[in-house]
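Novice: Here's the letter readout for the chains.
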Amino acid sequence: MTAAHSLPDPTTEPEEPAAAAPEAPRREALYFALRNPKLLIGLGIVLLLLLAGLVVPPFLEHGPNERYAPPLLPPSGDHLFGTTQFGQDLFTQFVHGIRATFVVGLLGGGIAAVVGMTIGFVAGYKGGWIDEVLNMLTNVVLVLPTLAVLFIIAAYVDSYSVVTQSFFIGMTSWPWAARAVRSQALSLSSRDFVDLARLSGVRPWKIIVRDIAPNMSSYLFMTFILLFGGAVLAAAGLDFVGLGPSDGMSLGLIMHQAVKWGALQLGVWWWFVPPGLGITAIVGAMYVMNVGLDEVFNPKLREM
Amino acid sequence: ASDTEGDGGAAGDYPRAETLYTGGTQWGPPSTWNPLDTGNYATGTVGLVYETLFLFEPQSGEYIPWLAESGEWVDDSTYELKLRQGVQWSDGEDFTADDVVFTVELGQIEGSTYGNLWEWLESAEAVDDHTVRFTFSQANYAQWANWLYFNAIVPEHIWSERSDEEILTGANEEPVGTGPYAYEAHDQDRQVWKKRDEWWATEALGHEVAPTYIVDVVNTSNEAALGQVLQGNIDMNNNFLPGVAQLVQGGYGVETYYPEEPYMLAANTAWLVPNTTKEPMDDPEFRKALSASIDMDEIVTNVYGGLVTEANPTGLLPAWEEYIDTEVVEEYATPRDPDVAKDILEEAGYEDTNNDGFVETPDGDPIDLTLIVPSGWTDWMESARVISESAEAVGIKVTAEFPEFNDLVDQRNSGEFDLVINNERQISNTPWTYYDYIFRLPVQEQQTTVNFGRYENEDAWELVGELDGVPVEDVEAVREVAGELQQIHLEEMPVIPLWYNGLWSQTSNTVWTNWPSSETDNNYLPSTWRGYFQLGSILMLTELEPAPEEE
Amino acid sequence: MLKFDRVSKVYKVGAFGGGELTAVRDASFEVRPGEVVSLIGESGSGKSTLGKMVLRIASVTRGAITCDDINVSGLRGHQQRKAYYRKVQGVFQDPFSSYNPVFKADRVFAMIRSEYYSGVSDAEWRKKVDSALEVVRLDPGQVLNKYPHQLSGGQLQRMLLARALLLDIDYLVADEVISMLDASTRIDVLNLLADLKARGMGILFITHDLALGNYISDQTVILYKGSIVERGVTEKVFADPRHPYTKKLFASVPQFHKKWDEVEAELREREAADTASQPYHLGEGEEVPGELVEVVEGHFVQPFHPRVAV
Amino acid sequence: MRKYFGRKIFVYVLTFFAAVTINWMIPRLMPGDPIQSRLARASLTDAGAAEALYEYFNNMFGLDQPLWQQYLNFWVSLLQGDLGISIWNFPTPVTELIMGAVPYSLGLLLPSILLSWFVGNWFGAYAARSKWLDNTILPLGYVLTATPYMWLALLLAWSLGIVADLFPASGSYGLSLQPAFTWTFISSLLEHWFLPFLSLFLVALGGWAIGMRNMIIYELESEYSNYLQALGAPRRLIRRYAFRNAMLPQITGLAVQLGTVVAGALLTEIVFSYQGLGYLILQAIQNQDFFLLQGAFLFIVIGVLIANFIIDVVYVMVDPRVRVQMQGGAK
Amino acid sequence: MTLEVSDLRVYYRTLRGDVRALDGPTFTLADGEIMGLAGESGSGKSTLSKSLIRLDGRMRYVGGDVVLDGDTVPVWDDRAMNEFRYKRISLIPQYAMSAMNPTRKIGRMIAELLESRGVRFRGIQDELHRRLELVGLETDVLNRYPLELSGGMKQRVVMVMSTLLDPSLLIADEVTSALDVSTQRAVAETLVEFRDREFVKSMIVVTHDISLVYQIADTIMVMYAGRLAEKASAKTIIEMPRHPYTKMLLDSLPEVGVKYEDKRLSGIPGSPPGLLSPPQGCRFRDRCPLADEQCLEQPPFVEVERDHHVACWKAE
Ligand SMILES: Nc1ncnc2c1ncn2[C@@H]1O[C@H](COP(=O)(O)OP(=O)(O)OP(=O)(O)O)[C@@H](O)[C@H]1O
Ligand SMILES: Nc1ncnc2c1ncn2[C@@H]1O[C@H](COP(=O)(O)OP(=O)(O)OP(=O)(O)O)[C@@H](O)[C@H]1O
Ligand SMILES: [Mg+2]
Ligand SMILES: [Mg+2]
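Residue numbers (my numbering), protein chains in the order written: chain X, 1 to 304; chain S, 305 to 855; chain Z, 856 to 1165; chain F, 1166 to 1496; chain G, 1497 to 1812.
The hints are simulated quantities; they were obtained by calculation from the structure and are not laboratory data. Glycine included, C-beta positions come from ideal geometry on N, C-alpha and C. Mixed in with the good hints there might be a few duds.
To be verified - Here are a few chain F residues that face chain G, going by a calculated C-beta distance under 10 angstroms:
#: 1; residue: A1345
#: 2; residue: W1348
#: 3; residue: S1352
#: 4; residue: S1353
#: 5; residue: G1397
#: 6; residue: D1484
#: 7; residue: P1485
As the list claims (entries may be wrong) - Taking lysine-lysine pairs in the DSS-like style, the calculated list, with each CA pair at most 30 angstroms apart, reads:
#: 8; chain 1: X; residue 1: K126; chain 2: Z; residue 2: K959
#: 9; chain 1: Z; residue 1: K1113; chain 2: G; residue 2: K1601
#: 10; chain 1: Z; residue 1: K858; chain 2: G; residue 2: K1755
#: 11; chain 1: Z; residue 1: K1114; chain 2: G; residue 2: K1601
#: 12; chain 1: Z; residue 1: K1091; chain 2: G; residue 2: K1759
#: 13; chain 1: Z; residue 1: K867; chain 2: X; residue 2: K206
#: 14; chain 1: G; residue 1: K1743; chain 2: Z; residue 2: K1114
#: 15; chain 1: S; residue 1: K646; chain 2: X; residue 2: K260
#: 16; chain 1: Z; residue 1: K1103; chain 2: X; residue 2: K126
#: 17; chain 1: Z; residue 1: K1114; chain 2: G; residue 2: K1755
#: 18; chain 1: F; residue 1: K1173; chain 2: G; residue 2: K1601
#: 19; chain 1: Z; residue 1: K907; chain 2: Z; residue 2: K1113
#: 20; chain 1: X; residue 1: K206; chain 2: Z; residue 2: K1114
#: 21; chain 1: Z; residue 1: K1091; chain 2: X; residue 2: K206
#: 22; chain 1: G; residue 1: K1810; chain 2: Z; residue 2: K959
#: 23; chain 1: G; residue 1: K1601; chain 2: Z; residue 2: K867
#: 24; chain 1: Z; residue 1: K1001; chain 2: Z; residue 2: K907
#: 25; chain 1: X; residue 1: K126; chain 2: Z; residue 2: K1114
#: 26; chain 1: Z; residue 1: K942; chain 2: Z; residue 2: K959
#: 27; chain 1: G; residue 1: K1759; chain 2: Z; residue 2: K1113
#: 28; chain 1: G; residue 1: K1755; chain 2: G; residue 2: K1743
#: 29; chain 1: X; residue 1: K206; chain 2: Z; residue 2: K982
#: 30; chain 1: Z; residue 1: K1102; chain 2: G; residue 2: K1810
#: 31; chain 1: Z; residue 1: K1102; chain 2: G; residue 2: K1759
#: 32; chain 1: F; residue 1: K1296; chain 2: Z; residue 2: K867
#: 33; chain 1: X; residue 1: K126; chain 2: F; residue 2: K1168
#: 34; chain 1: X; residue 1: K206; chain 2: Z; residue 2: K937
#: 35; chain 1: X; residue 1: K126; chain 2: Z; residue 2: K942
#: 36; chain 1: Z; residue 1: K1103; chain 2: G; residue 2: K1601
#: 37; chain 1: Z; residue 1: K1001; chain 2: X; residue 2: K206
#: 38; chain 1: Z; residue 1: K858; chain 2: Z; residue 2: K959
Just chain X, with the same shape it has in the complex:
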């Protein structure tokens, strides 16, 4: 939910290459993508962590909550990230936590993206009173202090799982995305090719999905990335105050436990530093990747 504004509002359309670039824009994008250090570094980190979350856990002997080692060991060869008060291996917890982080990011960001984009598209495309109503809805949700609402929901919802958590995060974090998508869709739907599609008797939702959306696919993707980051941070916040899912493992939960068990006061830095670092790395890498993408898709920015 942060960095909503770090997606600039290119009300100026991506200019037409016209005669200038007879090369397919996609290939050009790929060319710049492969040469954009921000994109590559960001993507690299994200993939590395994703891989760690996906591939490593099945190879680990012990579960994330298993108490099998001596307590509070600092990082060492046996326990890369050290152990907890209960002799749980923090590396194991970390890789499992990464998993949850990605799940929340994908699901929460995904739900927010779907809701935000749907609302943004419909509002931008349909206009009129539908736009007004949706706009109002967006504004209402936008002004709500999301995390506070999430606190309340999370605290009082029964059988709270990662999926439910993602759902609620998704349902509260879409407004800025809806706004951004709406303004894009608005300017796109006044373009002639949309009118032409209408004249071809294509149904509105099909026009949105097949004509408008593909034209802002990079923008949508970037929006999703920001929503992903927002969802991860929101989930971490919830987990941290102990309002996260009660089962499973997440980076926020590790921090929660670290704090609860006095890691801070006892100087057990290896308990609370890596999970936060993990979140920062994932989200930060995503954001940096986003700038890279922006530069790839936006010729104006490439010169910088």
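Since the structure of chain X is already known, use the hints to place chains S, Z, F and G with the ligands on it.
Specialist: Relative to chain X, chains S, Z, F and G with the ligands alone:
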């Protein structure tokens, strides 16, 4: 940002050397100073301000006359109390027998915490200014003794003008008591008390409380408390502090009652309460198997790091050791051993018929139990996980869940839960309080304080009444009745004793020394918990000594 | 016949739709099959709005547009609308933005196919496309399977015409179809429109360029601030513009061979002949009526205050 | 103009209504009974007493009425400025609890929001100046925005608070003090305030810097910049213009971010045991203290709405584009 | 001679190599001359006009000289160019509509621009007011935001602003394309007025509308694919074009009064070559009906008649 009415304009510092900082009892801003609001009054309201007739010191088992000079059973239905003379309320009025009578009679207000006293108390009358006579329809020695040291006496001249509601739930913002301290100030995060030089005990008993100020700090969390302890901001803390063993061993200047495991005195028993109205927990064999399956070592060493000890099979606290019938225990206790658990299950017909790795009931119904523990109670949550794991190891499917506290209370009181951990009864003058907790009948729609498992056993309940009727000094007689109850408990296992929760207390010698310790003569309970000043903790304050000035 | 009967359009404008803007006011005229009607006016005069109303991209606020006696705004349901678009189609100003840049250009054909000819076999469809492309004189091999940016503006614009032809339409709205094209390719597209007209198509040709309007149209409609100020048979309007606005337009068109001053002088000469007694000269304080006056057969002018400059 | 604000206010009222309703509804529809829990804490030995007290409290808090009636009552007393009495902290009025916390929360929020906004924008503008700066400030900005509020708070509490012992790591002022206008008190207040402030400030800082940097790059590419360059205007002037114009979207950005920052402050307060609304809300949630929760939440919502409104007004004042548009000027 | 451009080459850097957008034009512009620069889209008109004042990030100066009033113009040196900009060479941009800072009042913006160029605003204020009145604007516009003006008004403000320091050379790039005919005329006539009043010495008016340029220009220069095709007086170009491209271009333009039924015009078949690797020789070769072997060689831009330059072997 503050509400410091009554600070008399003396805003400013509390000199460190004269101030005792405590913490661990107050979990929210101080909001009421009403001693009758037993679960919510600001830390110290009873003990520091309001006082009781006696103290009961569990370490020695002694009843210490306090506002009362003495008391005795004249006959089987009459108790006569001699009050101390020369005691004054902090507003200068004399403390008299009328105050005591008035306080006892408050029990007649509907909703009073000791309303049930009047079920067997017939009357209380002031014989003279310093003598009160109580007439009983039934002599419940244990309960009466308990009442005498537990309940604070309030001044009639102030309280008699109040409405019933005000008396039971009012904030009582300017508490007038007989105790060694008076209200000084409070804010969201603290309560400040100031020493009263006119305290009666100084003259009468030679007791003098050492600190001029007591600042009780509101807890936000255990870990914040840990930080404050480490920084020397708090002299005595009564939170459960994770990792305190390391602190004691590691030269952080933090001390506990025992210098080594279990570090703490035992304060109460943590019980695993099965809902005996539900299948299969209605089967004592199953309950025993469940009890046998629990890996207590894991909880004691890994979860608590040795801060607690496994409870006696009867669940009675060490202070009640003399009431335990060792023969009964030897004969009837089920050992904690997974193999034993498996045997019991097999014998009782619990088998894994559908091969999912978990046993089914003899009728073949699958068993899938949920153990609830309040969300955020980290040590219990961790313990619950251990219990779930060890139960599953013998084939009983138990899942640990962590609802919000209120939700848990709801499930617990209404009897919806399967398994819950509870430690509501504290140490007291008599094991009666524990058996009352375990066997109390009749089972109500809402079980708010006792017998959460809704276990019904008329015989046992009758025995509990009998126990109440045994004079508290008669150890032999108490043990006899208690022994019978222990047998029922061990055979039926309506609640499963787990461990003794510590009387969490960590102290620092930087400003104050001579804290209660097993190593010294100061053996009073080191606690500010509600109800513990009456258990002698108030005397701990009189033993404190300022730390020698450092060069 | 495409008939405009006192058509008006009001847009809501301003921040949050506070204000109103009348883009078209009481416009009435007709487009007959086999006829090109030029709609001429300055920027913002409401030309495109009229076109969009025909194409149902904008709604009609007042009045009615009928196509062969069917009220265009009265169409209900997806099927009716589709049937309508089979008869009436449009081509827009900017050939580059008429194509979705992320897809190949011939997607405009594919859309027609999926909506109207879903049963047609590949071969048959191919033939249909080829013949439509032939009409617009495009080589299928050169334009199919290419991205829009790989084609020239003229090619793109012609493909759009071919797309309209796939539907055997009766009426075409051509909204500034050539203004974005290079001078050298403009004329080809214009010629093509003329050919279509010869095939019996009715064309609403929207432009701000008088010369182009004149080149192919039969009827001319001059639009000024949303109102029709003059209309009629093209020759008559061009030979003898009456309304001051029309005259001003004429005087401002850059021409070869004639400089602006010369044109203006010519017009002034003619104006002298115009007497104040003409029925379209309003007296002091008279309201401008909505109705046009027929000055010569087939030449209508909106009455005006003669001395008021526009 | 009036119409514009009329509409805005309508949206605000609607938001307020929706937010407050959600907040009213959710805790009540959830399992658990705050009064039972309150009584449970009192360890009443007498079942009859429990019942009587239960009824008394239920009646006093109006929880025995049907839900719709409770809802109506709620609005009625809200409109009278009565937020009720805290259940958890009975019998303290909710207003008193909140008023005790709000100054602390505001004291954290206002400086951190405003300062981070100004400094962040300044940094961002600075970053857009050269490739070198861009490559150093930008990644730092991203790391900062990507940092979970509480983690940064933890790091600061640990490193500066516990290890280096430069600042206190918890509380809002020294335990030996009483609030007063003395230097000792104020310096203690500031000492305790610094770390929570710093953590909020830093996280927000990154976001603004990035936003500004992106905006200003767009502005520097704009046509008026090009034109000015073609006329030989010095970079200084062009940057100034770009900065000013890029600042405007950042103002709206501020409105969008407010909710997040407030939430971040809740987390930070929790880490530092700071005496603000964060701790109150958490307690209210855990104790199902409907009234306190309503009150605290109400306060946040009103705060966010007012801030939004101020931002709206400011925006209209500083951006001629919006102003002209609203006055129905030439398009 | 105001301006002498010789063999100016400016390319665009792209991924796949240089786009030779401006490939060696050589021409002169006399004092007081208004030169229309015409040509189809992509022929390099804007590139030429930009080269004379400011190369944008992707443009690369390759070679050639520009001399203004006897001084070499260092077009390759952004810093040194600042001396020339505004004071001696000025520009009315193609995007005049959005050329002003939307959040500054116009007057303030002009003042700031002038001060930043070391000119005292006070000293020039009266002249500014006079010129605004000349173009039919009230001085009140200085107190307004750009947003509050119509397109035509903005266009005129920019014109006044650009010429305030009486530059020798003014480049007007497509300043009328976005306007409708009547405004177009007013703006075009103002340009002539500026020259007549010597606000500017000479002017290059870039447009793709030959008929418009014919109305105001003294000479017309036609570009094709980054090169010059023809330059002559306006009258000569319209009436006696020599280059086949000019001829065909003029032939394809309908005029008021010409009707399809009467005279079917035809366009120029084919399209201009890509400038990434343009063909050797005459770049119009592929579309030229007269082309032959000779055209494989680049025709020089020669004076075939007095003040009539053509780059075509076939133009005798
Ligand atoms: N969607 C819309 N919302 C509000 N106003 C509009 C909208 N579309 C057009 N207008 C306004 O309606 C008027 C007529 O616009 P229209 O597009 O019909 O003009 P036009 O004659 O086609 O102009 P141009 O030559 O520039 O294409 C203009 O003032 C325009 O600003
Ligand atoms: N940024 C760029 N990168 C690559 N090629 C460019 C760029 N800008 C222009 N070109 C190419 O340079 C050539 C000349 O462009 P220029 O803009 O000078 O044409 P023009 O004659 O002004 O056209 P128009 O009439 O459309 O403005 C064109 O082929 C164009 O494709
Ligand atoms: Mg089984
Ligand atoms: Mg089974």
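Novice: Hint by hint, say whether it matches the structure.
Specialist: Verification of the hints:
1. Checking F:A1345 against chain G: minimum C-beta separation of about 47 angstroms lies over 10 angstroms; hint violated.
2. Annotation: F:W1348 was flagged as interfacial toward chain G, and the flag is violated, the nearest CB pair being 45 angstroms apart, outside 10 angstroms.
3. Among the interface hints, the one on F:S1352 is violated; its C-beta lies about 43 angstroms from the nearest C-beta in chain G, farther than the 10 angstroms criterion.
4. Violation of the interface hint for F:S1353 is found here, the shortest Cβ-Cβ separation to chain G being roughly 45 angstroms, above the 10 angstroms cut-off.
5. Interface restraint check: F:G1397 against chain G, minimum CB-CB distance 3 angstroms, threshold 10 angstroms, status holds.
6. Restraint check, F:D1484 versus chain G: the minimum CB separation of about 7 angstroms is within 10 angstroms; hint holds.
7. Annotation: F:P1485 was flagged as interfacial toward chain G, and the flag holds, the nearest CB pair being 4 angstroms apart, inside 10 angstroms.
8. Note on X:K126 and Z:K959: the hinted pairing holds, with a Cα-Cα distance of about 26 angstroms set against a maximum of 30 angstroms.
9. At most 30 angstroms may separate the alpha-carbon atoms for a hinted pair to count; Z:K1113 and G:K1601 exceed this at roughly 41 angstroms.
10. Distance hint between Z:K858 and G:K1755 is fulfilled; the C-alpha atoms sit about 25 angstroms from each other, no more than 30 angstroms.
11. Taking the CA atoms of Z:K1114 and G:K1601, the gap is about 38 angstroms. The hint is violated against a cut of 30 angstroms.
12. With a CA separation close to 18 angstroms, the supplied pair Z:K1091 and G:K1759 stays within the 30 angstroms bound.
13. For the suggested pair Z:K867 and X:K206, the alpha carbons sit about 27 angstroms apart, so the restraint of at most 30 angstroms is met.
14. For the hint pairing G:K1743 with Z:K1114, the CA-to-CA distance comes to about 20 angstroms; that is within 30 angstroms, so the pair holds.
15. A distance of roughly 36 angstroms separates the Cα atoms of S:K646 and X:K260; the hinted pair therefore is violated under the 30 angstroms criterion.
16. Under the criterion of a C-alpha separation no larger than 30 angstroms, the hint pairing Z:K1103 with X:K126 is inconsistent with the structure, at around 40 angstroms.
17. The suggested pairing of Z:K1114 with G:K1755 holds, with an alpha-carbon distance near 21 angstroms, which does not exceed 30 angstroms.
18. At most 30 angstroms may separate the alpha-carbon atoms for a hinted pair to count; F:K1173 and G:K1601 meet this at roughly 27 angstroms.
19. Between the alpha carbons of Z:K907 and Z:K1113 the distance comes to roughly 35 angstroms, so the proposed pair goes past 30 angstroms and is violated.
20. Our distance criterion of 30 angstroms between C-alpha atoms is broken by X:K206 and Z:K1114, whose separation comes to about 52 angstroms.
21. The hinted pair formed by Z:K1091 and X:K206 fails the criterion: a straight-line CA distance of about 47 angstroms is larger than 30 angstroms.
22. Restraint check: the Cα-Cα separation between G:K1810 and Z:K959 comes to about 41 angstroms, which exceeds 30 angstroms; the hinted pair is violated.
23. For the given pair, G:K1601 sits about 28 angstroms from Z:K867 by alpha-carbon distance, which is consistent with the 30 angstroms threshold.
24. Under the criterion of a C-alpha separation no larger than 30 angstroms, the hint pairing Z:K1001 with Z:K907 is consistent with the structure, at around 29 angstroms.
25. Our distance criterion of 30 angstroms between C-alpha atoms is broken by X:K126 and Z:K1114, whose separation comes to about 48 angstroms.
26. The hinted pair formed by Z:K942 and Z:K959 meets the criterion: a straight-line CA distance of about 25 angstroms does not exceed 30 angstroms.
27. Between G:K1759 and Z:K1113 the CA atoms are separated by roughly 19 angstroms; this keeps the pair inside 30 angstroms, and the hint holds.
28. The hinted pair formed by G:K1755 and G:K1743 meets the criterion: a straight-line CA distance of about 20 angstroms does not exceed 30 angstroms.
29. Restraint check for X:K206 and Z:K982: satisfied, since their Cα atoms lie roughly 27 angstroms apart, inside the 30 angstroms limit.
30. For the suggested pair Z:K1102 and G:K1810, the alpha carbons sit about 42 angstroms apart, so the restraint of at most 30 angstroms is broken.
31. For the hint linking Z:K1102 to G:K1759, the alpha-carbon distance of about 25 angstroms falls within 30 angstroms, and the restraint holds.
32. Of the pairs offered as hints, the one joining F:K1296 and Z:K867 is violated, with about 46 angstroms between alpha carbons and a cut-off of 30 angstroms exceeded.
33. Distance hint between X:K126 and F:K1168 is fulfilled; the C-alpha atoms sit about 23 angstroms from each other, no more than 30 angstroms.
34. Note on X:K206 and Z:K937: the hinted pairing holds, with a Cα-Cα distance of about 15 angstroms set against a maximum of 30 angstroms.
35. Taking the CA atoms of X:K126 and Z:K942, the gap is near 25 angstroms; set against the 30 angstroms cutoff, the hint holds.
36. Proximity of Z:K1103 to G:K1601 is assessed by CA-CA distance (about 33 angstroms); at most 30 angstroms being required, the pair is judged violated.
37. With a C-alpha separation of about 23 angstroms, the suggested pairing of Z:K1001 with X:K206 holds against the 30 angstroms cut-off.
38. Taking the CA atoms of Z:K858 and Z:K959, the gap is near 36 angstroms; set against the 30 angstroms cutoff, the hint is violated.
Of the hints listed earlier, those the structure fails to meet are numbers 1, 2, 3, 4, 9, 11, 15, 16, 19, 20, 21, 22, 25, 30, 32, 36 and 38, in rising order.
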